[in-house]
Amino acid sequence: MFGEQQRFVLLLIAPAALLLLLFQVVPIVIGANASFRDWALYNPRKTWIGFDHYVAVISDPAFLYVVLPNTFLFMVLSVAGALVVGLALALLLNRPFRGQKLVQTILLVPLMVAPVIAAIMIRWIFNDQFGIVNVVLEAIGLDGQPWLVQRWSAFGIILLTDIWLWTPWFTLLLLAGLQSLPKEPFEAAAIDGTTTWRVFRFLTLPMLRPVIVVCVVIRAIDAFRTFDIVWTLTGGGPGRSTELFSLYAYVHAFLNLDLGRGSAAAIIGGLIILVIGVVLYRLVDRIAKA
Amino acid sequence: MAMVHRSEFLPWLPPMGRKTLFALALAFICFAFAFPVLWLILTSLRPESGVYYVHRGTEFTLGNFAEVLREERIVEAFVNSALIATLATVFSLLVTVSSGYMLSRFTGPASRLWFGTIYVFRCVPYISWVLPLYFVTQSWGIYDTYTGLLLPHVAVHICFFSWLMKGFFDGIDPSMEYAAMIDGCTRWGAFIRVAVPSALPAISALAVLCWLFTWNEFLFALILTGNRVPMITVVMAQFVTEMGLRWNLMAATAVMALVPAFLIALFGQKYVIRGLRI
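Protein sequence lines, in the order shown, are assigned to chains A and B.
Under my numbering, read the first sequence as residues 1 to 290, first letter to last.
Under my numbering, read the second sequence as residues 1001 to 1278, first letter to last.
It is possible that part of the hints are untrue.
To spell it out: a stretch of chain A is covered by chain B in this simulated footprint if at least three of its residues, at any positions, have a beta carbon under 8 Å from a beta carbon of chain B; those stretches are [what the hints assert, rightly or not]: (1) 29-36; (2) 148-159.
Below, simulated BS3-like cross-link-like pairs (lysine-lysine); rule was C-alpha separation at most 30 Å, straight line [claimed, not checked]: (3) Lys-101(A) with Lys-1019(B); (4) Lys-183(A) with Lys-1270(B); (5) Lys-1019(B) with Lys-46(A); (6) Lys-1270(B) with Lys-46(A).
Simulated from the structure, these hints should not be mistaken for laboratory data.
Glycine included, C-beta positions come from ideal geometry on N, C-alpha and C.
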């Protein structure tokens, strides 16, 4: 039925495709089906109710005015923060200095730390009674803050944890990118006596752009679905003020035991990120070709 | 590279001051990156009575580790996590190396379709398919078993790792494979005997990343396991809510969970840095 080459091509991807089908496609279809049904975990009647869950999610003020803004704000700030810090560190590590290897190893530490562990550490450090941050603040005469029970300080700490966790990832990829840049333009610039800033602005940055864009796309899509650090740091609290989209779906499905509504929320989030993903992909493509 | 762009920042400073400033900045950055982990380690070494004043006491103990290791559930969680991470790494690589090879070496509708599929599924948030996967694994009778956790973990790596593998194979000149085929090698022979060995540094990098990702993963473990297959991340997260006040024990568990990841990463660092040139 197929030629020898087609058989080879199909066999190469067959195991991956099969796993993808069984463990992603099938669940997504089942989830989509559940989102149209009255499907509570304690009473799975599974009657068809059309778009009711979707309407409920979209008209939920918590989703519209807290969860969505939180998710987008988190995505933008987390990616921007990790990119700026990661790029700065990559530039730093790209110059030779004594102890460079040691510094590089230390900077990669967060890469090995599980998000859950990071969240536990940060929670302890910012503990309102015994955390070292409040101890230090009180020692220098300031008031300690209940960091994790105020909306914006809690949000800021989640953000900080995320940036700490993901900066090394940017550093690593950007450093690899920097080291594979051609040397001649930099030599020419050095001979012309160009300033550091202008070398960075007009040489490094444009040449590094494809790597930066790929990093940003991958990270942005991941940041959108962040779950573990928020769950462990605040559980979405105080109240529901730091909930992100993944948490919203999880809470509805497994804490409120309403699988239908949780699935609907998961599908809405999935559609949003799919649109963002396609737009970003176009962008990458255009930049890669330019 | 060393003698190239020696243009300096802050040119008005004398060289000595610039050097000091640079060293101070470096020290500060390293401190910021290492502090949370150091603090965790310090906490794990304090006795119960001193844990609330980590910064002042002078007593240190290894008792926390001994106490944690007496908890059967935690030991079991460590074994499970290590086992799943190792198996997931092996299976993920088996599946994605060939898929990435296909993406890199063949162009045409099949390849484009597969790439598009991978990209789309890479974007789908985990929650959107893990949430219903809870029911799927239950109806297949694999909820809360090794299989039920292992296969989704392999599935989640397919998209990203196929993509990375494609990049690696793109960087390897295919003429060696053609030469092998002219010499009588089959396509499979060329792939397994020629292409895979030359991609070995990249494959090692992926192995390191895959192990770390699986070891550190939380959401899947939270949703797809109950009491029979405790995973270390879930056990720790439960700690926070159930034993919220026993920070010394929590820190000891967390430190022990960090050790294997550190060893793997330290050992694999050079492969990752070499392998990740995209």
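Satisfaction of hint between Lys-46(A) and Lys-1019(B), Cα-Cα up to 30 Å: violated, 69 Å
Lys-183(A) and Lys-1270(B): Cα distance at most 30 Å? Distance of about 23 Å is within 30 Å: holds.
Three residues minimum, CB to CB under 8 Å: does the stretch 148-159 of chain A make the cut for coverage by chain B? Let me know. Since 0 is below three, the answer is violated.
Hey, Lys-101(A) versus Lys-1019(B), does the alpha-carbon distance stay inside 30 Å? holds, 18 Å
Given the proposed pairing of Lys-1270(B) with Lys-46(A), does the C-alpha separation stay at or below 30 Å? Violated - the C-alpha atoms of Lys-46(A) and Lys-1270(B) are around 53 Å apart, more than 30 Å.
Chain B over the stretch 29-36 of chain A, status - at least 3 residues with CB closer than 8 Å: It holds, with 3 qualifying residues against the three required.
Hint compliance for this structure: hints 2, 5 and 6 are broken, all remaining hints hold.
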